[in-house]
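J.: The lines below spell out each chain.
Number of protein chains: 2
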Amino acid sequence: MQFNLIKTDGSARRGEVIANHSTIQTPAFMPVGTQATVKSLTAEEVKSTGAEIILNNSYHLYLRPGLELIKKAGGLHKFQNWDKSILTDSGGYQIFSLSSLHKITEDGLKFKSHIDGSIHFMSPEIAIETQSAYGADIFMSLDQPIPYGATLKKATEATELTHRWAKRGFDVYDKSTGQALLGIVQGGFDGELRKYSAETLSVINFPGYAIGGLSVGEPKEVMWEMLPIVTKVLPQTKVRYLMGVGTPTDLVRGVMNGVDIFDCVLPTRMGRNNTAFTSLGRLNMLNSKYTEDFLPLDPNCGCTTCKNYTRAYLRHLLKSKEILGVRALSYHNIFYYQNLMKNIRQSIESNTFKRFAKDYLSFGDENGL
Amino acid sequence: MQFNLIKTDGSARRGEVIANHSTIQTPAFMPVGTQATVKSLTAEEVKSTGAEIILNNSYHLYLRPGLELIKKAGGLHKFQNWDKSILTDSGGYQIFSLSSLHKITEDGLKFKSHIDGSIHFMSPEIAIETQSAYGADIFMSLDQPIPYGATLKKATEATELTHRWAKRGFDVYDKSTGQALLGIVQGGFDGELRKYSAETLSVINFPGYAIGGLSVGEPKEVMWEMLPIVTKVLPQTKVRYLMGVGTPTDLVRGVMNGVDIFDCVLPTRMGRNNTAFTSLGRLNMLNSKYTEDFLPLDPNCGCTTCKNYTRAYLRHLLKSKEILGVRALSYHNIFYYQNLMKNIRQSIESNTFKRFAKDYLSFGDENGL
Chain C
5 MQFNLIKTDG SARRGEVIAN HSTIQTPAFM PVGTQATVKS LTAEEVKSTG AEIILNNSYH
65 LYLRPGLELI KKAGGLHKFQ NWDKSILTDS GGYQIFSLSS LHKITEDGLK FKSHIDGSIH
125 FMSPEIAIET QSAYGADIFM SLDQPIPYGA TLKKATEATE LTHRWAKRGF DVYDKSTGQA
185 LLGIVQGGFD GELRKYSAET LSVINFPGYA IGGLSVGEPK EVMWEMLPIV TKVLPQTKVR
245 YLMGVGTPTD LVRGVMNGVD IFDCVLPTRM GRNNTAFTSL GRLNMLNSKY TEDFLPLDPN
305 CGCTTCKNYT RAYLRHLLKS KEILGVRALS YHNIFYYQNL MKNIRQSIES NTFKRFAKDY
365 LSFGDENGL
Chain H
5 MQFNLIKTDG SARRGEVIAN HSTIQTPAFM PVGTQATVKS LTAEEVKSTG AEIILNNSYH
65 LYLRPGLELI KKAGGLHKFQ NWDKSILTDS GGYQIFSLSS LHKITEDGLK FKSHIDGSIH
125 FMSPEIAIET QSAYGADIFM SLDQPIPYGA TLKKATEATE LTHRWAKRGF DVYDKSTGQA
185 LLGIVQGGFD GELRKYSAET LSVINFPGYA IGGLSVGEPK EVMWEMLPIV TKVLPQTKVR
245 YLMGVGTPTD LVRGVMNGVD IFDCVLPTRM GRNNTAFTSL GRLNMLNSKY TEDFLPLDPN
305 CGCTTCKNYT RAYLRHLLKS KEILGVRALS YHNIFYYQNL MKNIRQSIES NTFKRFAKDY
365 LSFGDENGL
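Those sequence lines, one after another, are chains C and H. Using the numbering used here, you'd call the opening residue of the first sequence number 5 and step up by one each time. Using the numbering used here, you'd call the opening residue of the second sequence number 5 and step up by one each time.
Calculated directly from the structure, the hints in this document are not laboratory data. Any given hint might turn out to be false.
Now the in silico label distances, taken between C-beta atoms and shown as ranges [unchecked claim]:
id : chain 1 : residue 1 : chain 2 : residue 2 : range
1  : H       : K346      : C       : K51       : 27 to 35 Å
2  : H       : N209      : C       : G372      : 53 to 61 Å
3  : H       : G121      : C       : N277      : 25 to 33 Å
4  : C       : K224      : H       : T181      : 55 to 63 Å
5  : H       : R359      : C       : S283      : 43 to 51 Å
Straight line, CA to CA, 25 Å or less: simulated DSS-like cross-link-like pairs of lysine-lysine [as the list claims (entries may be wrong)]:
id : chain 1 : residue 1 : chain 2 : residue 2
6  : C       : K76       : H       : K293
7  : H       : K323      : C       : K76
8  : H       : K323      : H       : K224
9  : H       : K82       : C       : K116
10 : C       : K75       : H       : K224
11 : H       : K116      : C       : K325
12 : C       : K75       : H       : K325
13 : H       : K325      : C       : K51
14 : C       : K51       : H       : K311
15 : H       : K323      : C       : K325
16 : C       : K51       : H       : K51
17 : C       : K323      : H       : K116
18 : C       : K75       : H       : K75
19 : C       : K82       : H       : K293
20 : C       : K293      : H       : K51
21 : C       : K116      : C       : K88
22 : C       : K325      : H       : K224
23 : C       : K76       : H       : K358
24 : C       : K75       : H       : K311
25 : C       : K311      : H       : K325
26 : H       : K76       : C       : K323
27 : C       : K323      : H       : K293
28 : C       : K311      : H       : K75
29 : C       : K358      : C       : K11
The C-beta atom is built at its ideal place from N, Cα and C for all residues, glycine as well.
Working from the sequences, and respecting the hints, build out all of it.
T.: As structure tokens, then:
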């Protein structure tokens, strides 16, 4: 994997990630395919929104269908019929959030499957092995997430452990395959600890860096306070990925703070929740005001949902619990996100990002984006 | 609407229905779009299976989103983005099977919505008005279904009422629009009454005829006993539609008995039930034998599901309750049905239908088709 920083506009960065399966124009958004499918959509549909990379969740796939099966299938790309790039996470975050039993030792994490209760073990080395066997283009280090509200002592211990695990993963990963391992900055919500984490990991010289442990329940201002502390320290020449973020306005603010890559389940989750992100703001399509509204979902959008269906029809489908309603909204929302990233990239190219961000945020903050 | 009988091969008929929105090659299968969507699929996908006509259910659409809304949307075609033909049923069958209260009088049917308990009234004339306002290409007369096991007296009364309602609908429907009203043969499971019903309706000279009240729980032999009694009486020059039937082998037997058009929810319902119709028979894709099976769902099928996904991936999606699994199977099943109809049509054209049917049934009966 290679990252080229093409241009900056203030702290915003226009670049490209050359990964094994595709070149990703940044700033970029990765749709999330938790269980080897971006929920309700085909790979062709996801591709047609402009996505050049998706994220798959190691934890889910490790438990079902299992690593051995995916290896036999020829890797994650073949298994799910996706020929662009894939980033996998380490599984650490889901082990903490979904599995009922997790015991942290210096070695790694012992955990219980949320599906069948079986006991498993994950170490920094196993995390690399697993992601490598999946055939992912970009791997993530195993880290220890820090809940919002943790004491500084706990946060420091977890951050130090994350650093040691990062080094162990870095040492064992095969640098000759073109696959890239990203280190994950932790540090909780203490500025000094965040800075220390970014500095420590920078020394390891990863191909790129992720910023973890944000958007975990803290007030948004706290996230925007932490983020620039980290991005100022991380090397300019390396890609930065802000994990699990966020709303459309979060993406704009992330770029404003020097972030290159994002991922979030929001566009598909909101689609399943009858909600659309549009040029008119966030719309709840169950609202009775759409009953006889024969306009497109978003009159300023060129996606197939907006070309083919009226709001009245979409509302009918969603009220009737028809799968097509979920599909149509999920598709539109991912298209909306990809289109936003395209607009962000263009505004950086033309040195107008600051203006673009100001306009977008002043409307978006008022209208649920 | 016009029906051209192009060729016969034994009792099997090769024809075409020229309807307002498309020409339908017969024998034909109509996918069912109960709530103005063929479950889980887009109109484009349904079209790409080769379908030239779909069925929409009047009862469901009358209650939700309601006739007025569909009228304002510009009719059912525009509402659901489907530009080929549409056949609507009268709603009678669903009134009997879904609504909790139904009172039959000479005038019509009083019934209670299964959605909100509201009270409604349907008459033969209202059934025509409704379907006409939907903008459907082919309408169905309001009829009184007869449960399997009804006494001859009850069956006779219901059949006579169906005849009177058929005449009332025929008298009020506008013959100048190109839209066609089909009469529905009833008669329960008494051969004489079935024959009488077909004869009585034939006199009205409908543009086409449906055979109703079969596949309602009776043993299959009883259906195959009743069917030829009816098709021998119905005029050769008119299209015949066997309502709500059936499995792939049912379709072959239906054609063998002179039927031109079929509809059934089976391909999509089975898709949602993890089941596929294939050249290898009926497959339950949750079966553990597919866990590491990297063959296509049906190696002899050219649909996108079979081109893009392995059985192992489909099983993973279905086990994980992912919508894409349901989509993929529903699409394949409808494609399978359309492909079967194509093969049936070709075999009639080449005078080999008898042979085709024999081979298909001998395999299909053994393999759950």
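J.: Against each hint, give a clear statement of whether it holds in the structure.
T.: Cross-check of the supplied hints:
1. K346(H) x K51(C): 27 to 35 Å: About 30 Å separates the Cβ atoms of K346(H) and K51(C), which means 27 to 35 Å holds.
2. N209(H) x G372(C): 53 to 61 Å: Because 60 Å falls inside the window, the suggested range holds.
3. G121(H) x N277(C): 25 to 33 Å: Given range 25 to 33 Å: holds, Cβ gap about 27 Å.
4. K224(C) x T181(H): 55 to 63 Å: Holds: the Cβ-Cβ distance is about 59 Å, inside 55 to 63 Å.
5. R359(H) x S283(C): 43 to 51 Å: Roughly 60 Å apart at Cβ, these two residues miss the hinted range, so it is violated.
6. K76(C) x K293(H): 15 Å, holds
7. K323(H) x K76(C): 18 Å, holds
8. K323(H) x K224(H): 33 Å, violated
9. K82(H) x K116(C): 51 Å, violated
10. K75(C) x K224(H): 47 Å, violated
11. K116(H) x K325(C): 21 Å, holds
12. K75(C) x K325(H): With Cα atoms ~22 Å apart, K75(C) and K325(H) stay inside 25 Å; holds.
13. K325(H) x K51(C): 22 Å, holds
14. K51(C) x K311(H): Within the cut-off at roughly 17 Å; holds.
15. K323(H) x K325(C): 21 Å, holds
16. K51(C) x K51(H): Distance ~22 Å between K51(C) and K51(H) Cα, so the pair holds.
17. K323(C) x K116(H): Measuring from Cα to Cα gives roughly 19 Å; hence the hint holds.
18. K75(C) x K75(H): 54 Å, violated
19. K82(C) x K293(H): 20 Å, holds
20. K293(C) x K51(H): Cα-Cα ~32 Å, so violated.
21. K116(C) x K88(C): 32 Å, violated
22. K325(C) x K224(H): 33 Å, violated
23. K76(C) x K358(H): Distance of about 44 Å is beyond 25 Å: violated.
24. K75(C) x K311(H): Holds. K75(C) to K311(H) sits at ~20 Å (cutoff 25 Å).
25. K311(C) x K325(H): Judged against 25 Å, a Cα distance of about 29 Å means the pair is violated.
26. K76(H) x K323(C): Holds, because 18 Å separates the two Cα atoms, which is no more than 25 Å.
27. K323(C) x K293(H): 38 Å, violated
28. K311(C) x K75(H): Holds, at roughly 20 Å.
29. K358(C) x K11(C): OK: K358(C) and K11(C) at ~14 Å, within 25 Å.
The structure is inconsistent with the numbered hints 5, 8, 9, 10, 18, 20, 21, 22, 23, 25, 27, although it conforms to all the rest.
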